[in-house]
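J.: Assemble chain B onto chain A, guided by the hints.
If you want the building blocks of each chain, they are given just below.
Protein chains: 2
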Amino acid sequence: MSKQVPVGVSARHIHLSEEHVRILFGEGASLTEMKPLSQPGQFAANETVAVVGPKGSFGKVRILGPVRKRTQLEISRTDAFALGVNAPVRESGDIAGSAGITIQGPAGEVVIEEGVIVAARHIHFHTSDAERFGVADKQKLRVRVGGERGVVFENVIARVHETYALDMHIDTDEANAAGVKTGDMAEIVE
Amino acid sequence: MSKQVPVGVSARHIHLSEEHVRILFGEGASLTEMKPLSQPGQFAANETVAVVGPKGSFGKVRILGPVRKRTQLEISRTDAFALGVNAPVRESGDIAGSAGITIQGPAGEVVIEEGVIVAARHIHFHTSDAERFGVADKQKLRVRVGGERGVVFENVIARVHETYALDMHIDTDEANAAGVKTGDMAEIVE
Chain A
145 MSKQVPVGVS ARHIHLSEEH VRILFGEGAS LTEMKPLSQP GQFAANETVA VVGPKGSFGK
205 VRILGPVRKR TQLEISRTDA FALGVNAPVR ESGDIAGSAG ITIQGPAGEV VIEEGVIVAA
265 RHIHFHTSDA ERFGVADKQK LRVRVGGERG VVFENVIARV HETYALDMHI DTDEANAAGV
325 KTGDMAEIVE
Chain B
145 MSKQVPVGVS ARHIHLSEEH VRILFGEGAS LTEMKPLSQP GQFAANETVA VVGPKGSFGK
205 VRILGPVRKR TQLEISRTDA FALGVNAPVR ESGDIAGSAG ITIQGPAGEV VIEEGVIVAA
265 RHIHFHTSDA ERFGVADKQK LRVRVGGERG VVFENVIARV HETYALDMHI DTDEANAAGV
325 KTGDMAEIVE
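Protein chains in written order, with the numbering used here: chain A, 145 to 334; chain B, 145 to 334.
Chain A with its partners taken away, still in its complex shape:
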């Protein structure tokens, strides 16, 4: 059986805590939905922030909602070099000891001591997809993508949940190295 999965390329983005939304956008502010994402309930917000590192900065970094318990900035390694931060490759939510950054919004500024990561590539599987493909939660997969720049990514983490939609998430470095874009198909090779 061919195990095909659609690719979703994640540009740099940020998840904010409720407290940080309040500081950055003002008392009573909340995130407003611009468009839904592939994972049910998740959305790209109309709101953006600037992030400032010791070597460089990015304006208009898209906020993904809804709010989370802890603020988390997800960047590529290329971005990390440009900002001058030493962001580790981590699974979402695993931010202990990761890099810090300054975040600027229209109403205020927040300095976080940790929360900046390079997201480890992963595939979201609905429980039924995982069953069909014979894949277990947290399993590490090898996945082939691309044409003339074809690449096999190792250590692609399977994340299985009944609320997930089938989608492989890679960052812009990985997408560019493989010459792929959102909507292209990847194949699990083992």
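Be aware that a few hints might be false.
Chain copies aren't distinguished; within one or between two, either way the pair holds.
Straight line, CA to CA, 30 Å or less: simulated DSS-like cross-link-like pairs of lysine-lysine [as the list claims (entries may be wrong)]:
(1) 325 / 282
(2) 325 / 179
(3) 284 / 147
These aren't lab readings, by the way, just hints derived from the structure by calculation.
Every value quoted in this text rests on a predicted model; they were computed, and no experiment measured them.
T.: Structure of chain B alone, referenced to chain A:
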């Protein structure tokens, strides 16, 4: 036999024609060597230029010498998006129909209609290395690099010549996607 090859990560850089050196740096100017590169006779020059595309620009792009017949700017796909140019993946020297760019030096400016490429990943083999590894010129190889971000690159082009030193050239997107840096080792897997 394990077929190990050192990795060299190419940041964005430019090769200039003699005429363009004259226009950009002035009559009688020539490139001066800052440091030698891994390939014999090649060097990073002290001189840099700015490159300006429709969407963005980069200052201080390193010139690699010596001068070539035709000017060629080598960038990553991430760079191509930032500049706003549609640079194809090509082997060095194969620039027909590639992207254009504006190049600015201290003495003048040049607009090239073609010459901007994303360099196809490749390995330089000295003739003796190629013989030892059983590799032929222009053969396409699969090459494994990296640790936690391990990647197998497909379509890595073998370039065999008696003046070459053993080195695998990848760009910054590819290096960042695989989490490797110059001096790390790659392994030819077939």
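J.: Okay, which hints does this one fail, numbers in order?
T.: Violated hints: none at all, because every hint is consistent with the structure.
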